[in-house]
Amino acid sequence: MLMTLILQGTASGIVAGCVYALVALSLVIVFKSTDVVNFAGGELVMVGGYVGLFFLVYFNLPYPIVLVLAPVVMFLIGASFDRITLNQVSGRTYAKHVDLVALVVATIGLSYLLRGIVRVVPYTEEVRRLPPLFTGPPLFIGDVVLQMQDFAIMGVTMVIMIALWLFFRFTMLGKALRAISQNARAAALIGIPVRTMRMAVWGIASAIAGVAGLLLAPKLLMTPDMGAVVMLAFAAAIIGGFTSLPGCIVGGIVLGVVQNMVGIFISPQAITVTPFFVIMLVLLIRPQGLFGEATMLKKV
Amino acid sequence: MYGAPARKQLALLSLLVLAGFVLPYVLPGYFLYIANLLMMYVILAIGFDILLGWTGQFAFAHIAFYGIGIYGTALLQLRFGVPFVIGMPAAAALAALIGFLIALPATRLRTVYLALATFAFAECAEWVFRTWESVTKGSDGLRISAPDIFGYVVGTDGRALPVIAIILALVLAGTLYLRHSKLGRSLCAIRDSEHVAAASGIDVKRIKVIAFTISAFYAGIAGGTYTLFQSFVHPDGLGVWTLVLVLTMIVVGGSGTLPGVILGVVLLGILPEALRAAPRGLLVWQEFAYGLILILAIMFMPRGIWGLIRGGARARKSPAAPRQRAAGALPREAP
Amino acid sequence: MTAIFSIRDVSMRFGGLLALNRFSMEVEPGSIHALIGPNGAGKSTAFNCVSRFCTPFEGDILFDGKSLLNEPPHRVVAMGIARTFQNIEQLYRMTVLENVLVGLTSRVRRYFPFAPGVARARAEREAVRDAEEVLDQTGLLAYRDTLAGELDFGRQKLLDVSRALACKPRLLLLDEPAAGLRNREISYIDSILVDLARRRGITIVLVEHVMQLVMSVADTVTVLSFGEKIAEGAPAKIRADPKVIEAYLGSEAVNA
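Residue numbers (the working numbering), protein chains in the order written: chain A, 22 to 321; chain B, 3 to 337; chain C, 112 to 367.
Isolated chain A (complex conformation) (with noise of 0.2 Å):
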């Protein structure tokens, strides 16, 4: 008996870390290229699943063109905002650090102006599921299930993590956003547009973000306050370390299960603080996490 739960709390712990993973590489890439901590990672989520919803069952569109109009939709909002604030924040030259703390209170402010749109739009104000992604009786592994939906969770995010990692390995797009993250001025210097990068950054994180909200939100009820599902990102972020996308992908996993874990050995009441908990725990002991680089000095 304990060992069915054990079991299915590990598959489910996956599937649920596959999607944390999936806003944590959102998180992370953007890290990477800015150094901005996107606090409105959970909003661009949750904003994903509503867009998918409103395509979906408002304009009656098929899934299929869901699934490519949406993350389409992510990728104009991400975008935009780089352009019209970020830009606008960045553009001050007179005090260099203080500007990293205005553009994570920018996106502050965007999580809650995204939250605050959602609820006030008519649509929203009950709370909708929205249809998952392949329908079909749920898979039974020994005493174990699986819906349909989990494995387009876990497929899709194998996919993206792939696509993310050839990208930035062997497209020139990628190499310049890599230079861009170690050295923003040299890279300007020969020749490489940052502020198009960075809208390019922002534009395809945003995509992800709303790709892990249509995966997301058939599996929960989806309310404007659904974005609190970023701190379990940032907990699987912070695992893998911050500036790794393999590590995402390994937080994600171990968060997922370990949380399960908590529920079945702890209590259920506990599931809530442990990514809190994880992220105090990493930060002080290994702030790198598994597979970051070690904090590099400033140039003086």
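Calculated from the structure, these hints are not laboratory results.
Warning: the hint list may mix true and false statements.
To give a feel for the contact side, a few chain B residues facing chain A, derived at Cβ under 8 Å [said to hold, decoys possible]:
#, residue
1, Phe60
2, Leu99
3, Pro107
4, Leu111
5, Val114
6, Tyr115
7, Ala122
8, Trp129
9, Val253
10, Val286
11, Tyr292
12, Leu296
13, Pro304
What you are looking at is a predicted structure, and each value in this text was computed from that prediction instead of being measured.
Ideal Cβ placement from N, Cα and C applies to all residues, glycine included.
For chain A, the structure is supplied; the task is to place chains B and C on it using the hints.
Relative to the frame of chain A, chains B and C by itself:
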């Protein structure tokens, strides 16, 4: 930032205390409540700003210390009959102690990790407030009985106002003295350049820990003040939203300056009440409003409203020497 | 004369890059010692080791016979060493006077910050007096209430030096004091440095690219290239040294 606060500033504080005694006879009850609320927020906001605006530490644990101040003062009175005059300083001291303990590991972390770690701590604290039901009554909320100060029972907003005004005046006086002191200069130096600070003999880590502790103490005092005019405390008010509210106040008003923070508190503290009172319950627009205000403020008024006012005054007062571009500095990126 | 300040066989690595390779330098008390070399030679790294912002993995740094490497950064000033910064790390939000007051921090007695008091009043009064004295010496007293961020570039550099001088150091490390300055301003720096060293006996080590200043004030010049010392001696001798010319090949700075 040296010597001592100007006599003019200290005189304003005595006006504040005077107002505290006079206003209850002049204003209706609801406005007295708002006054109490704003004064408490000023204490909370200044404490946060000392850490964020003065010292440049992006730390979000503040709200947890506020909660400790509230529950500490309330429970000491409820469970142990400890009078307010001892209970509040005790609760604030406890908040300061926990702030100190958190600061020791936290100050090792870089900006963004510091933000996340302290954020996680604040969420943990909220979870504790919610789950430790035997002590805090969790989600049911805790009833606070009116504190008694040497026989003076603080039962209504009118009776609480002078007490809060006195507490605020003391806090402001202390803050003014801090600003004009060696410690105040050290705090501000760290934000502008840790390297210059260290090269000037400032023990950066030690000062950061001190900043955390002071900030937590202020939050604890704000929490104690809460119990003077509120009769109920619930964990919902002790989460990130309240901290974002305070952050917005500071950013809009003018981070790093006392008048700026006070201005921000007054302007933005009234907003939720105005929304609540508006017809058709515009309260649901609250998050949208604050999100938008925060974004617009950080985009166009990074030094806050007070920064704008001062910028204008300074430009008129002394023509600064023409600013030359540093030769050898890299050009700004082409649009 | 025995050296007051010596760097002995210091090696420093950043990731895969060996920034300093068994670098040694001895500085005579009361002298002006210049450290020059092409960009990336390791000059600022050497300074950062002295300021204790980074730690070499081998070698030692001695001041007055005592090793610096066991001290945390904020103790360096107490030992009598002050420095300026290449990229003007300015306390831009504070006024000129306040900047210097921060420089004085180590010399101001501690007091309870939240309340008035006799000790406080005296400490602040003396601090302001000392700060104004420093500003008077460097010619910035008229700007005492100007925000540091609003000063023109030349005066910002002067402020950096004032701040370093405030703690009455015996060794002054100047990181490119002349960079970006006009000729008139360079002459001013020149005279200040000579005054500090000859009249007040402060030992000065400066990292510099502007050869005009180096040739004019330095008693000894050490040349670094790719983390290694390639030459050392009087300015005239260095100027003619073929190894030095080669290291700077193509740079018009040598022909200044």
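If you test the structure against every hint from before, which numbers come out violated? 2
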